[in-house]
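What follows is each chain in one-letter form.
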Amino acid sequence: MAVGGAAYNELFVIFWDWSVVVGVITFGWLIHHSFVYRAKDGENVNVDDLQVGVFPKHNHNLKLEITWFVIPAILIIYLTWISIAPVSEVWPDPDKIGVEGVDYYEVGITGQQWFWIFDCGELDAELCDTGIDSDTGLTTLIVKKDMIYRFNTTSNDVIHSPYFVQWGAKEDSIPGQYTAIWVTPDLTGKFFIDCAEFCGDDHAYMTAILEVHN
Amino acid sequence: MKANYRTIAFIGILLAALMFAPALDARPTGIANVDTGCSCHSGTASNDVSPFLTLANGSELPDTYVSGVTYNLAFGFTGGPAEDVVVDRINTGGFNLIASKGTLTPADEFTQLMAGELTHSEVGNDQQSWTVDWAAPASGKADFRLMVNSVNGDNQASSDDQWASASYSVASLGGGGEELPDVNGLTVLFTGMVLVFILLSIAVAYIFYRQNPESFSWETFAPWIADWLTSTDHKRIGTLYFIAGLSFFLIGGIMALMMRIQLSSPGNDFLTKDEYNQFFTIHGTVMIFLAAMPLINAFANWMVPLQIGAKDLAFPRLNAMSFWLQPVGATLILSGVFNGMGADVGWTGYQPLATWGSTHPGTTLWLAGQLMLVASSTLTGINFIATIATMRAPGMGWLQMPLFTWSILISVLMLFISIPAFGVGLIQAYLDRTIATGFYNTSAGGDPLLWSHLFWYFGHPEVYVVIVPAFGIVSEVLATSARRAIFGYKSMVYAMCAIGIVAFIVYGHHMLTSGMSPGLRFFMMLATMVVALPTGVKIFNWLKTMHGGSLVYRTHTLWSLGFLVTFTLGGISGMFFPAIAMDTHLHETYFVVAHFHYVLVGGTIFGLFSGIYYWYPKMTGRMLNEKLGVLHFLIAYIGYTGLFWPMHKLGLWGMTRRHHTYFIRGDEYKDIIGTLPPEAADWNMFITISAFVFGLSTLIMVYNMISSLIRGQKAPADPWGGWSFEWLTSSPPPTPSFDEIPTLIDLNEHGESEPNWLMRMMVPEDYEEGSK
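These protein sequence lines map, in sequence, to chains A and B.
Residues 1 to 214 in the numbering used here are what the first sequence lists, from first letter to last.
Residues 215 to 986 in the numbering used here are what the second sequence lists, from first letter to last.
Keep in mind the hints are simulated off the structure, nothing from the lab.
Covered, in the sense of this in silico footprint (three residues per stretch, anywhere, with C-beta under 8 Å from a C-beta of chain A), are these stretches of chain B:
id: 1; region: 487-494
id: 2; region: 699-710
id: 3; region: 746-757
id: 4; region: 769-779
id: 5; region: 876-882
id: 6; region: 886-892
id: 7; region: 923-936
Predicted model, so just to flag it, every value in this text is computed and none were measured.
The C-beta atom is built at its ideal place from N, Cα and C for all residues, glycine as well.
Input sequences plus hints: build the corresponding full structure.
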């Protein structure tokens, strides 16, 4: 898995599979019991002899209770374990990337009610450029495929959050602070960016385009 | 007397301060007046400046337009300081033009579109008149609002600068198709609310009339209603909570339906973005604070004293105050909506947006209203903790309390501990908005993330506060319906305690994308994953309770089984968020919306519905109609699934929440990956239709409750065969609730045990067994 890649895809498949397993067990159990243990017509058997004002005899089985604490715990530990590794791909350590000889490029994104300001800094036009998309009239950030980008985002007014839908990457742009979004665009084309943190009237129109070329 | 004068003077000063304070507006540059024409030139509107808007050929603006035709408009101003500049009127003019309908397109380089409004460009600053193309809309009256600045050209804001504004309107000729009636979302909402209120009043009057049709008169009605409004009886206050909670549930529902109409097709304009923002804010606040919490309080008020065998709550008058703070708070929260100036910052009220100058003044009232609810919740917390700790019937130890009482205890403890943080945040935000303090003003050194931390430190326990009582209700209903003792009573209690503790250390998962440190992110991920364990134990215990039982199918049983399905699904979808790599994608999308509606509607509300069908006979002494109940369950369940299940898919596609519109891949967006696929529009329409099915199904229950109250069968003391004390007293219970305090008999053998360190700490030394 690459830095800033769509890490969620692989995780999602694993989580989805386990959700189905848990769902099938729970709902199978529920449906079975709802039909098998229903009261027969006209009968009303008081199984545990419940009486008003009498705390009933405990109905418990410690081994079973421990079982369905421990088995989910194992599943949870496994799911946590597989979720840890991608964290260092979503927010990699900038120093490590430098050491391994892979370079990354820093691009500034500033949110303002209700548009995005892209700042390519000193980067070459081939690596990073800005423009206006001719079809939609939206601000466009033009980057190169398969390069690692670190978008440093901040805000001029309220909290925004640039959302690179294709790569499932977002991070709040907070006034007075910098946060980082790592994206490695691995496809060419035009990609949608919108604002994920409610920022006022034109929140829905706070969109931009990431154009990726070879 | 002297102290009184001081108090009156103090309150007088406070009132005066409050009257003047909202007129001021905190800005990074200091305090400025709100009614400015433009952000760069202040002062009041000037009579010297006269704006104009005509057709570009010089003729007057027509009274009617032909739809689809593009009109070339000319506008500008005469008079003011700009006139006095004779040569090269550099930087002397500015404007802002808003058209309510149709599309404005800049015709030359002198004008530009900014955030949907037309304004001058930098070169356009040197003009006093401009032109623009306006494409007429399909139908409806188009309103223009023009603001012009006439300035002296010294390139800085000064008091010499003047401005003026004017409005124009053009009606539709009807040339391009039929004129469609224009629905204003706020009007619909207002009508809905008035309707709810009228229905409520009629219902109250009718119930009174039915009690004694012969002697119906104001003289008898007035004391009867006064008796209700001033009651301190836990049952009556519970009923009041019920009525309030259900009415606000309907109001919040009307708002949700209007938002769904807006989202039913892309680019819809049923609501303006402004209205949409208010509606989702108020919808969130109303549903959590004014619908779910009062409904829970209704059951808590009714059932906790009955279940522990107490005659009333520990502090009945405090209880009445807790309730009456709610209508006051509700009025404040909703008051902004009526003039179109309601809070528009989202129920989370993220800073610095919630203290930003451009948000509606209603936000201030919304903050004040929530402060009232904080006070109310704190009082409720004191009351219930005291009641449950001290007023249990003889024979009832902590681990012999019914599970619903346990759930209320855990829930009020959580609320009691977490809500002060919210109160602090609210006060800070309120002061920021009114007297320009700088808690959340970044340019003054404030920290917007402080709010997020305070809010979610409260907000996460809060969502458990509303779900845990539903656990309690389902535990009671399932055990009683299966005719069994609940499986693993103690592990149920411990699981709830564990949820109550973990609630406080997981809140950071709401902020995983806010630039937290990686270590904290990891901790929050781990803690959040752990929540699944006690919740899992509860679900498996409920399932095991049914094992070997004799399940009697009643409406409340169906709702509880339905709860098990929807809550489990909500729990499973909740597991996707703590995995951070997935959360960066799912955060703030419709996947989150689907998840929290699965746990809040499918969890809390279904649990509460189950409680309504379960305890209604006890509360009113009348049985509900089972046929209508089952009908309600079936329709609501189908509508609910159609409403919230597809939202998961929309979220995975990347549909972001709190957007009043969305972009479909097509037309000019056809090449743009990441916009929604075309079928997303169909799913949105499907969701809207399902929302109406779900919304209307609730009316079946309301009808059932009212009609059963009048015509329902008389209920016995214990219609379902439960064991706890509420089934001991008559239906409805007398006041005080027990003629004689009952004693609990426990069938389990308890070995003699030495008091442990905790008991020694809690129990005074001179305490004698049985002295209570």
